[in-house]
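Q: Going down the list, the sequences are from chains A and B.
Per the numbering used here, residue 1 is the first one in the first sequence, and the count goes up by one each step.
Per the numbering used here, residue 1 is the first one in the second sequence, and the count goes up by one each step.
Bear in mind the hints are in silico, worked out from the structure with no lab data behind them.
Please note that the accuracy of each hint is not assured.
As the list claims (entries may be wrong) - Derived pair list, reagent style EDC-like, types lysine to aspartate or glutamate, alpha-carbon separation capped at 16 Å: (1) A:Lys91 with A:Asp150; (2) A:Lys265 with A:Asp334; (3) B:Lys300 with A:Glu155; (4) B:Lys300 with A:Glu226; (5) B:Lys124 with B:Asp225; (6) B:Lys128 with A:Glu270; (7) A:Lys91 with A:Asp46; (8) A:Lys265 with A:Glu161; (9) A:Lys91 with A:Glu226.
As the list claims (entries may be wrong) - Looking from chain A toward chain B, a few residues come up when the C-beta cut is under 7 Å (computed): (10) Leu114; (11) Val116; (12) Leu120; (13) Leu121; (14) Ala136; (15) Ser139; (16) Leu330; (17) Leu337; (18) Gly341; (19) Leu342; (20) Val348.
Said to hold, decoys possible - From the derived model, a few chain B residues whose C-beta atoms are all more than 10 Å from chain A: (21) Ala113; (22) Ile142; (23) Leu205; (24) Ala219; (25) Tyr249; (26) Glu278.
Here the structure is a predicted model, which is why all the values come from computation and not from measurement.
Where is the CB? At the ideal position from N, CA and C, for every residue including glycine.
Chain by chain, the residues run as shown.
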Amino acid sequence: MTALSASPAFRRLPAGRLVVYAIVAVIGVVLVLAPFLLHGNVRGIDVAARICIFVVLVASYDLLIGYTGIVSFAHTMFFGLGAYGTAIALKAMGPGFSAILAGGAAGVACALVLAVLIGLLSLRVKAIFFAMVTLAAASVMLVLASQLSDITGGEDGLIYEIPRFFSPATKLLTGADGKVATLFGVPLNGRVALYYFVFLSALVLFLVMVRIVRSPLGTVLEAIRENETRAEAIGYRVVAYRTAIFCLAAVIAALAGILRAVWLKYAGPEAVLSFAIMIDILLMVVIGGMGTMIGAIIGVVIMSLAQFYLKDLMQAAADATSGLPLVPDLLNPDRWLLWLGLLFILLVYFFPAGIAGTLLGKGGHK
Amino acid sequence: MKTTLARLGGVYLLPVAIGIFTLFLIPTSTWLTLTIAGLAMGMMIFLMASGLSLIFGLMDVLNFGHSAFVSFGAFIAASVLAALSSWVSGGSAALNIAALLLAVAAATTFGAAAGWFFERVVVKPVYKDHLRQILVTMGALIVAEQLILAIWGGVPIAVPRPAVLEGSILIGNVAIETYRVFAFLLGLAVYVAMYLVLRRTRIGLLIRAGVENREMVEALGFRIDRLFIGVFMAGSALAAMGGAMWAGYQALITPTLGAEMMILVFIVVIIGGLGSIEGSLLGAIMVGLTANYVAFLMPKMALASNMILMMAILLWRPYGLKPAVQK
């Protein structure tokens with residue numbers, strides 16, 4: 001893009017770009033006002049918080065797969081380390097912000113050390129090799145989490161208390177009558193505070209990542225993705241940059257893990273460490289659009305909605321075809337991943353840039 | 001010193017070294033049982049890993065969906081054995097063996113057919129693009145796993161084992177499970193067959209040449225795409241065969257079987273070096289032995305031990321022990 005066409009006076013906003021920004025704006029408004037829009041709908045708020053956390057997780061994965069061209073299967077491992085660190089500290093030290101801080105810091109530190117080790121050990125070889133090494137590392141971590149049951153609670157996971165400040169009994173503002181103040185009929189209690197804690201942390205992390213990809217570092221990463229040999233020849237040390245971004249993504253994933261642990265008040269292999277989450281992240285980032293950042297938001301929202309509404313649709317279809325052999329089994333709501341997997345393959349073939357990438361007119365990967 | 005070691009077998013001495021080292025830690029009779037179990041497990045993993053490794057070496061394609069062939073092989077073998085239950089439990093040893101061979105053959109045939117479909121439909125459009133290859137084969141793996149769940153359901157399935165291979169042979173006070181011996185011999189036969197095909201036939205020569213330099217083979221006028229299909233089908237068939245043998249070994253299989261084995265297969269391929277049959281065999285034997293010894297010495301460390309083994313070998317040889325092409 002030349003300087004001329006980039007200047008606002010000469011550039012008309014293409015329709016696709018407008019659509020993407022409009023969608024993201026709507027999602028943003030809904031997430032900002034979620035406690036008020038979804039008042040009384042516990043599951044709705046839960047989905048909103050999950051979307052906030054996964055946007056961070058998926059965007060940090062996009063740093064790797066979309067901007068640098070690294071395929072890692074260890075992202076849930078880092079997510080889980082952050083979550084388990086927080087969970088173990090909250091369990092051991094009791095509910096308090098110091099526990100979140102200490103446990104979170106320990107989890108992030110573990111994630112960083114592991115990322116440095118894996119990065120230096122295997123980022124100098126081929127992309128495919130790296131994918132295999134991270135997959136092996138992640139599955140060993142999963143086995144360790146379920147076997148070291150004295151520390152991690154095994155398959156059952158850990159249940160713990162979070163600071164009192166976040167409990168529904170806490171009054172953020174007291175009205176004239178001494179009861180908790182309400183805004184638009186919603187009591188301003190600790191639950192609202194917890195949602196905004198998650199939302200604002202996620203927002204800050206997301207903006208940091210947007211800043212990173214716009215910085216010179218982001219440009220170098222894209223240069224490495226497009227042509228590794230040329231980047232090396234220009235004088236950038238490819239292994240150092242790759243390791244750096246891998247560590248950065250790991251730290252952000254661990255921070256997202258802390259948010260998840262605080263929101264859920266539970267950490268277990270299925271919830272924060274399982275391979276199913278890795279598949280979710282992969283689907284989200286590809287559906288949304290690799291290398292766009294904003295695609296993370298779209299991908300996460302679509303997947304989250306699909307998880308709830310696709311199942312209903314499939315149940316209806318399964319009931320309608322209950323007389324046929326095998327068809328109802330394939331349409332069983334539990335098999336929703338089957339159809340999403342097919343969609344995923346078609347998307348990779350025909351729209352490798354994903355939804356946001358296609359609308360924004362980015363080339364994606366050739 | 002170094003040349004003496006190389007003359008004696010070089011890296012091939014590693015499994016022997018592991019064996020001798022653990023001999024000091026484990027009572028001899030237990031050690032023998034564990035070693036046989038490790039060798040049998042190694043041979044079954046070799047069946048699964050060799051195809052993956054060869055496909056990667058020749059086509060530069062890493063098939064993350066490979067474990068789907070393993071799972072399908074296991075479930076098809078289980079279904080065939082269940083259908084032939086009168087043969088399986090009957091007294092005649094010939095019928096017993098026939099039932100097992102039929103089950104393995106059914107799984108292998110399915111693997112070859114599914115491999116053909118996979119190569120044509122899924123992998124072909126994304127040759128030479130690693131990122132999309134990983135994504136597409138991963139997507140195919142998700143679909144395949146869901147299909148298994150839809151067809152066979154999520155509950156564990158018991159696999160009837162032929163009566164003649166049930167039980168064990170006693171040598172002194174060492175009990176050796178018959179099935180393990182059978183699995184080891186089958187794996188060995190497959191290895192020998194692969195070795196002969198790769199080293200003694202014209203097709204094998206072309207495959208080895210293709211692993212070394214694909215463009216050159218194409219430039220000399222050979223239809224490399226036909227080789228691709230052939231190797232992909234053979235690799236998938238071997239994976240399904242490995243899955244079928246593993247089903248009989250485990251006697252109880254779940255839909256996550258493929259995914260669990262895949263981790264070991266990846267570790268084997270990484271240890272052995274991508275693209276080489278000898279490396280896969282070496283890696284598989286080492287992983288099988290280590291898994292069994294450690295499971296006896298420190299049960300909780302079983303899977304982590306293989307990971308540590310892999311890390312150590314990667315530090316020492318970043319491209320694996322026996323890569324097909326020296327880089």
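Q: Work down the list of hints and note, for each, if the structure agrees.
A: Going through the hints against the structure:
no., hint, verdict
1, A:Lys91 with A:Asp150, "12 Å, holds"
2, A:Lys265 with A:Asp334, "26 Å, violated"
3, B:Lys300 with A:Glu155, "14 Å, holds"
4, B:Lys300 with A:Glu226, "43 Å, violated"
5, B:Lys124 with B:Asp225, "10 Å, holds"
6, B:Lys128 with A:Glu270, "35 Å, violated"
7, A:Lys91 with A:Asp46, "22 Å, violated"
8, A:Lys265 with A:Glu161, "6 Å, holds"
9, A:Lys91 with A:Glu226, "46 Å, violated"
10, Leu114, "11 Å, violated"
11, Val116, "14 Å, violated"
12, Leu120, "10 Å, violated"
13, Leu121, "6 Å, holds"
14, Ala136, "5 Å, holds"
15, Ser139, "5 Å, holds"
16, Leu330, "5 Å, holds"
17, Leu337, "5 Å, holds"
18, Gly341, "4 Å, holds"
19, Leu342, "6 Å, holds"
20, Val348, "5 Å, holds"
21, Ala113, "19 Å, holds"
22, Ile142, "4 Å, violated"
23, Leu205, "26 Å, holds"
24, Ala219, "23 Å, holds"
25, Tyr249, "20 Å, holds"
26, Glu278, "19 Å, holds"
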